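A.B. asks: Read off the chains here:
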Amino acid sequence: MRFELTEEQRAFGDALERLLSGADTAAVARAWADGDHEPGLKLWARLAEQGVTVLATDASPVEVVIAFEALGRYAVPGPWVESAAYLPIALGREVEGVATVAAPPHAPFALDADVADAVYLAGPNGLTEVTPGDRHGSVDRTRHLFEVAASDPAPEDAAFDLSALATAAQLLGLGERVLADTVAYAKQRRQFGREIGSYQAIKHQLADVRIALDFARPLVHGAAVSLAEPVETAPRAVSAAKVMCGDAAYLAARTGLQVHGAIGYTQEFDLSIWITKIRALVTAWGTPTFHRGRILASLTAQTGG
Amino acid sequence: MDLELSESELAFQAEARAWLAANVPAEPLPSMDTAEGWALHQEWEARLAADRWSVVSWPRDYHGRDASLIEWVIFEEEYYRAGAPGRVSQNGIFLLAPIIFEHGTKDQQDRFLPTMATGEEIWAQCWSEPEAGSDLASLNSTARRDDGRGGWVLNGQKTWSSRATYATWGFGLFRSDPEAARHHGLTYFLFPLDADGVTVRPIAQLDGEAGFAEVFFDDVFVPDADVLGAPGDGWRVAMSTAGNERGLSLRSPGRFCAAADRLVDLYRSSAVEVRGAPAPSLETSDVGKNVVDAWLKAEAYRLYTWGTVTRLADGGEMGAAGSVNKVWWSELDIALHETALDLLGTDAELDSTWLDGYTFALSGPIYAGTNEIQRNIIAERILGLPREPKGAQR
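Chains as they are written, first to last, in the numbering used here: chain A, 1 to 305; chain B, 1001 to 1394.
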């Protein structure tokens, strides 16, 4: 029993952290939101060089969640879940370049189909290549969602589970970043003659975010371990991770906004990139209600508790 | 990264499971806070000790098995899964024993640990005072030096002392140097609760049982042999183990995982009706969501604990993470039992093990340092937020 990342896994996470911390990802996200994909695709290529696009086929789900937590922490835009989690499993091979997929009903649109080299639709009989239709805006301005032809539901298979788990890990990273930025702000912003972070009302809210994220992370790692084996309860473990990371990140977003006050409510301030992405990912790849339902069905199907 | 148990850990698990299956009382014991229940709980402690299951992580010389931290967590999971009784000797085993192991003399270890392991002597914690609850360093009970008799004379009052009604020994901090600053000049004492000058007055709790008591000290003599650690060093002694691995042991995840499993069973069986009234439905209530969330949070706690255990085995320290733990399990315990009461409908107010569990859970956010204090610790020590200026809180 060793429920901790190995040295190599830590080193991989640190390498991604170094790459992303120097990449001004907030500017990349702003450009992507405005339809300028060039900085985002350059970053995509650098992350691909680090191996992020081959993890699903060549490494384990543990490496996948390490990478997606980092992508979340830096709010990296693009169809990463689709290209680096879903499609490699569904196709049985890594994706060359950038691809995207719609897997209704939990991922009904093709994310960022306008930059994808290939656009797929997942259904009961597997993948078909499709031509994307109308574009919809998302609460997260970096997510460009494209209609695809209607299809019967895609199966909740290994590709779906890895995608839901990668989204959970992204949410974890997004929540961690919002907490870190909010703590930094609370230490520096002064009201009534002292730092707002010295007020117990602020402290307790931020402590609750710390607690929520601390208990969401082991569910992400636990689900990654159970998908790696894989065990019968793996889908339930994935749903557990998705629900708790969604709740924790959303708490981080709401608290972060509250503590920042009006500045946090502006588009100009970078916090907006993180909190709108959190809101979008809470329902992406399975809503909390869907995942809770999957957990309840699994728990009550067992005999004798 | 894995969650697989080794051969020897699996063997340990199987042995514990088999022993518990053969020995756990078929019926729940009466409350430990009644005279009858107390005696039966002491018998249960003796039965555990006879086969070395009362203190698995202790050395073999003191009735233990030298079990690793991982084995301890495994044992706790099995213990609660088997529906075994709550531990009447918990305060001694989890709060005092680690300090006796670290700071006690060989004589103290030999005198106190074996009888604690067998349940022969049950210990009460005497921390809080009427004016010192969460702000423990503000305590006022005194210890006066008595060189003639080679010891100390205790005066003052402790309160909310868990298990003191029936326990035979107590442990607590007393101010031995009135000139010293708040956290200094405190000394850690061990004393029999039937000593001359000690008066124990039971306090009825919410449920009517005397789970805690006030303890009055009127010139109570304690010999030097019963001072734990150096005189004046009581605060450091008391805190030395507060944050370490044993901090984990106050509430092991096994309890909550077992309760969450029982909650799922209750949900399954109560889906029809209670006394003619329809059970809470998914359409009109949050009860299904709450069942899932209780299970989820217990599962998160289980996995979080495996991570903690791995880090501690690697030489890490618990530190302020103990506060994160405490807020989590105490709030989980209440949410879990509230959900069960929701499922019981109008029967929720009737006596039941769920109701007992609920009343017990209500104390969780209050004792062992209130959750407000824990959140301050998390904010200041983990997040690095500034301390509240002096005087602002009061």
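Just so you know, the hints here were simulated from the structure itself, not pulled from any lab data. Please note: incorrect hints may appear among the correct ones.
[Said to hold, decoys possible] Covered, in the sense of this in silico footprint (three residues per stretch, anywhere, with C-beta under 8 Å from a C-beta of chain B), are these stretches of chain A:
| hint | segment |
| --- | --- |
| 1 | 4-16 |
| 2 | 45-54 |
| 3 | 180-193 |
| 4 | 203-210 |
[Unchecked claim] Distance ranges between label pairs, derived from CB positions:
| hint | chain 1 | residue 1 | chain 2 | residue 2 | range |
| --- | --- | --- | --- | --- | --- |
| 5 | B | Gly-1316 | A | Ala-184 | 22 to 32 Å |
| 6 | A | Gly-92 | B | Ser-1006 | 49 to 59 Å |
| 7 | B | Gly-1384 | A | Phe-269 | 21 to 31 Å |
These figures come from a predicted structure and were not determined experimentally. Positions of the beta carbon are idealized from the N, C-alpha and C atoms, including for glycine.
A.B. asks: Okay, B/Gly-1384 versus A/Phe-269 on CB: inside 21 to 31 Å?
C.D. replies: The hint (21 to 31 Å, Cβ to Cβ) holds, given that B/Gly-1384 and A/Phe-269 are roughly 22 Å apart.
A.B. asks: Okay, the segment 45-54 of chain A and chain B, do three or more residues pass the C-beta test at under 8 Å?
C.D. replies: That given contact is violated, which follows from only 0 residues of the segment 45-54 of chain A lying within Cβ reach (below 8 Å) of chain B.
A.B. asks: Closer than 8 Å, Cβ to Cβ, for at least three residues: run that test on the segment 4-16 of chain A against chain B and report holds or violated.
C.D. replies: Three-residue rule met by the segment 4-16 of chain A, so holds; n is 4.
A.B. asks: Examine the segment 203-210 of chain A: at least three residues should have C-beta closer than 8 Å to a C-beta of chain B.
C.D. replies: holds (count 6)
A.B. asks: Holds or violated: 22 to 32 Å for the Cβ distance of B/Gly-1316 and A/Ala-184?
C.D. replies: 26 Å, holds
A.B. asks: Does 49 to 59 Å hold as the CB distance between A/Gly-92 and B/Ser-1006, or does it fail?
C.D. replies: 34 Å, violated
A.B. asks: So is the segment 180-193 of chain A in contact with chain B by the C-beta rule, three or more residues under 8 Å, or is the coverage claim wrong?
C.D. replies: Coverage by chain B holds for the segment 180-193 of chain A (3 residues, Cβ < 8 Å).
In this structure, the hints that do not hold are numbers 2 and 6, in rising order.
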